[in-house]
Amino acid sequence: MSSTLLVSTRKGLFSYRDNGGRLTNAESAFLGDPVTISLHDHRDGATYAALRLGHFGCKLHRRERDGTWREIASPAYPEKPADAVVMRDPMRGEEVPWKVDQIWALAVDYAQTARCGAAPFRAACSTRPTAARPGRSTRRCGTFRRAPSG
Amino acid sequence: MPLVRFTPSLQRHVSAPDVRVEGATVRDALTQIFSITPALRSYLVDEQGGLRKHVTVFVDGSPVRDRVRLSDALRPDSDVDVMQALSGG
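Protein sequence lines, in the order shown, are assigned to chains E and Z.
Residues 0 to 149 (numbering that gives the first Met the number 0) make up the first sequence, in order.
Residues 0 to 88 (numbering that gives the first Met the number 0) make up the second sequence, in order.
Think of the hints as simulated: they come from the structure by calculation, not from any bench.
Bear in mind that the values here come from a model prediction, so they are computed numbers and not experimental data.
Please note that a few of the clues may not be correct.
[Claimed, not checked] Cut-off 30 Å, straight-line C-alpha distance, at most; resulting in silico cross-link-like pairs (DSS-like, lysine-lysine):
1) E:K98 to E:K79
2) Z:K52 to E:K79
3) Z:K52 to E:K98
4) Z:K52 to E:K10
5) E:K10 to E:K98
[As the list claims (entries may be wrong)] Every beta carbon over 10 Å from chain E, so not counted as near; a handful from chain Z, in silico:
6) M0
7) P7
8) E21
9) R26
10) S61
11) D65
12) D71
13) R74
14) D76
15) D80
Glycine residues also receive a C-beta, built at the ideal position from the N, C-alpha and C atoms.
Could you put the whole structure together from the sequences, leaning on the hints where they help?
Spelled out as structure tokens, the structure:
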């Protein structure tokens, strides 16, 4: 069984395969864009890559089995409640914005879901909807749904 | 109708040609554009609906004042430029 190493960098995503004891570059994607974390889901062969575009924010992409990368909706915080507690950066004293800044963790679990942690607040989790298990969400969650095309 | 133009740096991610849309405010114009090209929304505004920190909009050469509600008024012949903001030192 071959192994694949995903390397997420500020300059893109690079995957390497074990080729008889030597790692060889199998794919490069998102060249020039910061990739904060990536994940291979062994259950369906999909790979996820979270980007943090300097101007255009946090983005999530999914690589299908055929090698095509597609942008899917990135997890997002729900609408900020009017009575939300204001959190401040302890060093700068600035208000922490109620917006996903970056995805810092991705993981699969045993319930047909993929979960992620998102800054600046505590971990946000997301579920990937399936036919048998429509997307569910909890506080500070967004669903893994495909981005609208257009 | 106001003319809306987008920074070339955005085109690498989402196709966004110049477009004329009806609208009395910047929000009106963007709402129409997002209905035409939904993928643009997350690139220009955050999940709370405000302009992204490093995105800026100019109306007839002046930056919008209301980055949260995008209530700046448009004239029928306004030129609206959506650009990436330059920041840092």
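Practice problem: Just pull the numbers of the violated hints for me, sorted ascending. | Solution: none
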